[in-house]
Amino acid sequence: MNTTAAAPPVTTTAETAFRRPNYLNAAYGVRSWLLTRDHKRIAILYLISVTTFFAIGSLFALLIRLELLTPEGDLFQPDTYNRLFTMHGVVMVFFFLIPAIPAVLGNFLVPLMIGAKDLAFPKLNLASWYVYNLGGIFTLWAIIHGGVDTGWTFYTPFSTHYSNTYVIATALGIFINGFSTIFTGLNFIVTIHRMRAPGLTWFRLPLFIWATYATSVIIVLGTPVIAITLLLVAVEKTFHLGIFDPALGGDPVLFQHMFWFYSHPAVYIMILPAMGVESELIAAFARKRIVGYKVVAFASIAIAVLGFLVWGHHMFVAGESIYAATIFSVLSMLVAIPSAVKVFNWTATLYQGSISFQTPMLYALGFIGLFTLGGLTGVMVATLGFDVHVHDTYFVVAHFHYIMVGGTIMGYLGGLHYWWPKISGKLYPAFLSKLAALLVFVGFNLTFFPQFILGYLGMPRRYWSYPPEFQVLNVLSTAGASILGVGYLLPLCYFIWSMRYGKDSGDNPWGAVGLEWDTTSPPPTENFYTTPVVTHGPYEYNREEVHNRMSQEVTLG
Amino acid sequence: MRSSFPLFPDSASTHAGTVDAIFIIWSLVSIFFTALIAGLIVYFMARYRRRHSEEVGANEEVSVWLEIAWSVIPLAICLAMFVWGTRSFFDLYRPPADAVEYTAIGRQWMWKIQHPEGQREIDTLHVPVGQSIKMKLASEDVIHSFYIPAFRIKQDAVPGRYTSIWFRASKPGVYHLFCAEYCGAEHSRMIGSVIVMEPRDYQNWLAGGSAGKSMVASGGDLFQSLACVTCHRAGATGRLARGPALEGVFGSPVKLVDGRTVIADDNYVRESILNPTAKVVAGWDPVMPTFQGQVTEEQLSQLIAYVRSLGPIGSAPAGGTGGTPAGTTTADSPSAATTPQTAGPGAPQ
Ligand SMILES: [Cu+2]
Ligand SMILES: [Cu+2]
Numbered sequence: 001m002n003t004t005a006a007a008p009p010v011t012t013t014a015e016t017a018f019r020r021p022n023y024l025n026a027a028y029g030v031r032s033w034l035l036t037r038d039h040k041r042i043a044i045l046y047l048i049s050v051t052t053f054f055a056i057g058s059l060f061a062l063l064i065r066l067e068l069l070t071p072e073g074d075l076f077q078p079d080t081y082n083r084l085f086t087m088h089g090v091v092m093v094f095f096f097l098i099p100a101i102p103a104v105l106g107n108f109l110v111p112l113m114i115g116a117k118d119l120a121f122p123k124l125n126l127a128s129w130y131v132y133n134l135g136g137i138f139t140l141w142a143i144i145h146g147g148v149d150t151g152w153t154f155y156t157p158f159s160t161h162y163s164n165t166y167v168i169a170t171a172l173g174i175f176i177n178g179f180s181t182i183f184t185g186l187n188f189i190v191t192i193h194r195m196r197a198p199g200l201t202w203f204r205l206p207l208f209i210w211a212t213y214a215t216s217v218i219i220v221l222g223t224p225v226i227a228i229t230l231l232l233v234a235v236e237k238t239f240h241l242g243i244f245d246p247a248l249g250g251d252p253v254l255f256q257h258m259f260w261f262y263s264h265p266a267v268y269i270m271i272l273p274a275m276g277v278e279s280e281l282i283a284a285f286a287r288k289r290i291v292g293y294k295v296v297a298f299a300s301i302a303i304a305v306l307g308f309l310v311w312g313h314h315m316f317v318a319g320e321s322i323y324a325a326t327i328f329s330v331l332s333m334l335v336a337i338p339s340a341v342k343v344f345n346w347t348a349t350l351y352q353g354s355i356s357f358q359t360p361m362l363y364a365l366g367f368i369g370l371f372t373l374g375g376l377t378g379v380m381v382a383t384l385g386f387d388v389h390v391h392d393t394y395f396v397v398a399h400f401h402y403i404m405v406g407g408t409i410m411g412y413l414g415g416l417h418y419w420w421p422k423i424s425g426k427l428y429p430a431f432l433s434k435l436a437a438l439l440v441f442v443g444f445n446l447t448f449f450p451q452f453i454l455g456y457l458g459m460p461r462r463y464w465s466y467p468p469e470f471q472v473l474n475v476l477s478t479a480g481a482s483i484l485g486v487g488y489l490l491p492l493c494y495f496i497w498s499m500r501y502g503k504d505s506g507d508n509p510w511g512a513v514g515l516e517w518d519t520t521s522p523p524p525t526e527n528f529y530t531t532p533v534v535t536h537g538p539y540e541y542n543r544e545e546v547h548n549r550m551s552q553e554v555t556l557g
Numbered sequence: 001m002r003s004s005f006p007l008f009p010d011s012a013s014t015h016a017g018t019v020d021a022i023f024i025i026w027s028l029v030s031i032f033f034t035a036l037i038a039g040l041i042v043y044f045m046a047r048y049r050r051r052h053s054e055e056v057g058a059n060e061e062v063s064v065w066l067e068i069a070w071s072v073i074p075l076a077i078c079l080a081m082f083v084w085g086t087r088s089f090f091d092l093y094r095p096p097a098d099a100v101e102y103t104a105i106g107r108q109w110m111w112k113i114q115h116p117e118g119q120r121e122i123d124t125l126h127v128p129v130g131q132s133i134k135m136k137l138a139s140e141d142v143i144h145s146f147y148i149p150a151f152r153i154k155q156d157a158v159p160g161r162y163t164s165i166w167f168r169a170s171k172p173g174v175y176h177l178f179c180a181e182y183c184g185a186e187h188s189r190m191i192g193s194v195i196v197m198e199p200r201d202y203q204n205w206l207a208g209g210s211a212g213k214s215m216v217a218s219g220g221d222l223f224q225s226l227a228c229v230t231c232h233r234a235g236a237t238g239r240l241a242r243g244p245a246l247e248g249v250f251g252s253p254v255k256l257v258d259g260r261t262v263i264a265d266d267n268y269v270r271e272s273i274l275n276p277t278a279k280v281v282a283g284w285d286p287v288m289p290t291f292q293g294q295v296t297e298e299q300l301s302q303l304i305a306y307v308r309s310l311g312p313i314g315s316a317p318a319g320g321t322g323g324t325p326a327g328t329t330t331a332d333s334p335s336a337a338t339t340p341q342t343a344g345p346g347a348p349q
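Chains as they are written, first to last, in this note's numbering: chain A, 1 to 557; chain B, 1 to 349.
Think of the hints as simulated: they come from the structure by calculation, not from any bench. From the three backbone atoms N, C-alpha and C, an ideal C-beta is built for every residue, glycine too. Any given hint could be a false lead.
Here's a subset of chain B near chain A, in silico, CB distances under 7 angstroms, partners left out [claimed, not checked]:
{"hint": "1", "residue": "S4"}
{"hint": "2", "residue": "V83"}
{"hint": "3", "residue": "G85"}
Reference listing, derived: stretches of chain B covered by chain A, where coverage requires no fewer than 3 residues with Cβ under 8 angstroms from a Cβ of chain A [claimed, not checked]:
{"hint": "4", "region": "97 to 106"}
{"hint": "5", "region": "109 to 119"}
{"hint": "6", "region": "218 to 227"}
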């Protein structure tokens with residue numbers, strides 16, 4: 001992309017670069033952060049919150065894996081174990097996976113990528129962060145007082161009638177948190193529609209923006225449904241109205257319909273932004289236009305639309321009619337196609353590229369591998385006769401972790417590593433970061449691949465104790481989880497380290513194109529010195545101006 | 001018979017082979033595509049690695065045909081999977097006409113199983129090899145899920161309604177019975193065994209057990225003691241006093257006052273007993289009292305078994321006789337007492 005910006009002369013010496021005015025040194029003090037309206041600072045605030053919740057959710061996961069080392073339930077009481085996996089799911093899904101990429105990377109990048117000064121509603125953006133934390137505090141309060149034991153799915157009538165844990169407090173936490181997601185989604189939609197730089201037509205938008213846009217639409221349409229559903233659970237529990245409870249004349253399966261009407265699309269809220277990141281990484285590290293740009297862009301929209309029509313695939317054995325099941329099955333197969341197409345397009349983009357193996361690219365390649373496996377097993381579980389056997393077993397657990405952890409977290413980490421120089425102006429250590437990427441990949445597969453086998457053998461999910469013949473695979477899984485844990489800790493350490501001790505990155509350490517790289521790193525508060533004017537598509541590497549800046553590239557390793 | 005480190009589950013039902021075939025074929029497809037993508041990536045990585053820092057990629061687009069191919073081929077494969085999977089799924093909900101009906105009622109945290117002959121078991125299910133068995137499922141509290149991995153079948157037991165699934169065991173042995181839907185504190189202990197026996201051993205087992213009454217006979221007794229007879233059986237005059245005759249009702253269409261016609265299946269009869277005003281039979285006043293709270297899940301399924309056993313008016317009920325002392329356990333003809341008059345309806349109820 002071309003800008004007419006007369007940026008200050010690009011410099012690579014640490015001293016001068018960092019003293020340049022940027023959003024980080026624009027103001028100091030806690031107030032300047034807590035009352036900021038700068039989308040970049042809000043992204044950092046979100047980064048801190050989201051990382052905290054990720055740590056809490058991971059801790060729960062660790063405890064779950066420890067309990068499952070042995071077949072007997074020996075570490076915790078079953079009640080405690082049930083709370084652990086519930087809180088793991090609640091925290092990870094609602095407070096990490098859903099907000100992670102949109103609220104951190106999206107907040108930081110959407111204005112930069114479209115050449116805007118900020119999001120359309122900066123105050124709403126700040127409000128969303130406060131609302132997120134308020135919801136988080138409610139949930140943490142519930143955790144500290146004893147937690148919930150319903151599973152993150154809150155199935156009725158267990159949640160409304162039989163569980164006497166903190167269902168309402170947790171539901172309220174998720175309810176409140178939903179508003180923060182909606183605020184963010186609305187903000188993105190309006191911003192992308194109204195604030196694109198001159199010349200930045202829809203088909204010149206980076207694919208990350210397309211993915212974020214599709215995600216925002218799902219958020220705005222879907223989140224109210226989960227809010228209403230959880231509200232109804234609270235109403236039924238408080239006033240004993242028969243909505244979902246058969247003893248009161250309600251229908252427990254209705255709850256499942258409402259829950260999955262949101263929670264299936266929520267899977268796409270988690271994975272679409274990661275797909276967007278993936279496109280950016282592949283383009284940047286193959287220095288090439290993404291093959292089939294329009295196809296990839298529309299695939300995001302297709303996924304968003306179809307994603308709303310497949311919720312019933314979670315209920316094949318829940319007593320739904322076999323004809324409904326048939327329709328949900330075939331639609332679920334259809335939604336796999338745009339995902340498959342994206343994988344092929346990314347792979348084809350490497351063809352005749354100029355591929356470099358910097359750390360973010362390792363995550364991008366890992367993403368393709370894990371997402372492919374997650375997607376293929378997704379088609380398996382969408383297959384009716386097959387799903388009857390593996391539904392509610394570890395097979396499904398493995399499948400959705402391949403998508404949500406293998407996909408979303410790989411995308412998130414890849415994105416963080418790619419844009420970290422943009423965010424902080426600093427470089428992180430090459431060897432350590434590549435090692436971390438490797439540990440994450442290996443640890444992840446060791447954790448979750450055995451679970452496919454466990455599931456096919458028939459081990460049900462949410463089991464606190466299990467028959468002894470499942471032990472070997474569970475031990476492998478726990479071993480993998482420990483490696484994965486180290487893989488996650490490393491980036492936390494070296495990112496923090498790099499802020500103080502990291503080498504200065506220069507403005508564009510990857511020699512990448514994209515409006516966000518046309519300004520300084522870290523960017524000034526108003527993002528651009530002059531409004532950029534866009535004259536071509538997002539990934540045009542074959543141009544004179546681009547060639548000139550390649551020499552800026554810094555190699556990490 | 002269970003190895004200590006199995007990598008593939010036991011297969012012990014006629015259905016298991018189909019699921020395994022889907023699994024194996026799709027695993028091969030998955031391996032193929034994963035290897036294809038991984039292979040391409042590795043090749044491209046080696047072939048097109050960046051040689052100097054100013055190098056950029058070519059601006060090549062792929063041909064439209066390639067783009068079409070990699071959309072259409074996966075689509076075709078997925079649709080083939082869909083057809084295959086759907087056929088095997090429909091089979092699971094269409095029990096053959098000779099299927100015998102067993103009842104399993106889930107409650108926190110046990111499975112209560114009743115054989116048509118009246119035998120009751122908890123967390124254990126004895127079945128003969130080669131017999132088609134329809135499991136009718138209900139729950140007394142929360143949702144549970146009846147899961148026998150060796151048979152590759154699973155069905156949720158949902159409170160307030162009946163669901164069902166069927167199987168035909170093919171290999172004697174002892175297999176896991178799990179609850180697959182999270183149901184509270186002791187969910188992981190809601191497990192038991194399925195014991196598949198040769199038919200002769202099964203008969204011996206039946207004969208050796210406590211000689212309870214058959215489902216139908218117990219239902220007949222209830223029909224009497226709960227005074228259903230007072231309304232549903234003709235008095236001395238031969239005229240029905242207050243309620244419709246139930247003979248021949250099960251499995252046939254019923255006209256309702258609101259003009260709809262419904263098929264009288266398990267869930268319909270269940271609702272008629274627990275919530276009679278929900279669907280009122282055309283031509284009758286809604287005077288039937290509710291029996292909600294007066295009958296347990298088990299009694300309910302016995303009553304239904306009895307109603308189902310009632311042939312058309314005039315013919316004797318197949319099993320027990322409502323009112324008259326019930327027939328003895330028909331231990332040596334397990335299916336006679338309960339063969340449904342109509343094959344089970346296609347949809348899970
Ligand atoms: Cu889903
Ligand atoms: Cu259970």
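Discussion item. Just to make sure I understand the rule, a stretch counts as covered if three or more of its residues have a C-beta closer than 8 angstroms to a C-beta of the chain. Does the region 97 to 106 of chain B meet that for chain A?
Written reply: Coverage by chain A is violated for the region 97 to 106 of chain B (0 residues, Cβ < 8 angstroms).
Practice prompt. Using 7 angstroms as the Cβ threshold, decide whether V83 (chain B) counts as touching chain A.
Written response: Cβ of V83 (chain B) sits 9 angstroms from chain A, so the hint is violated.
Worksheet item: For the region 218 to 227 of chain B, does the count of residues with a C-beta closer than 8 angstroms to a C-beta of chain A reach 3?
Response: violated (count 0)
Worksheet item: Holds or violated: is there a CB of chain A closer than 7 angstroms to the CB of S4 (chain B)?
Response: holds, 6 angstroms
Discussion item. Please verify the coverage claim for the region 109 to 119 of chain B: does it have three or more residues whose C-beta sits within 8 angstroms of some C-beta in chain A?
Written reply: violated (count 0)
Discussion item. Min Cβ distance, G85 (chain B) to chain A: is it shorter than 7 angstroms?
Written reply: Status holds, d = 3 angstroms.
In terms of the numbered hints stated before, the structure departs from hints 2, 4, 5 and 6, listed from lowest to highest.
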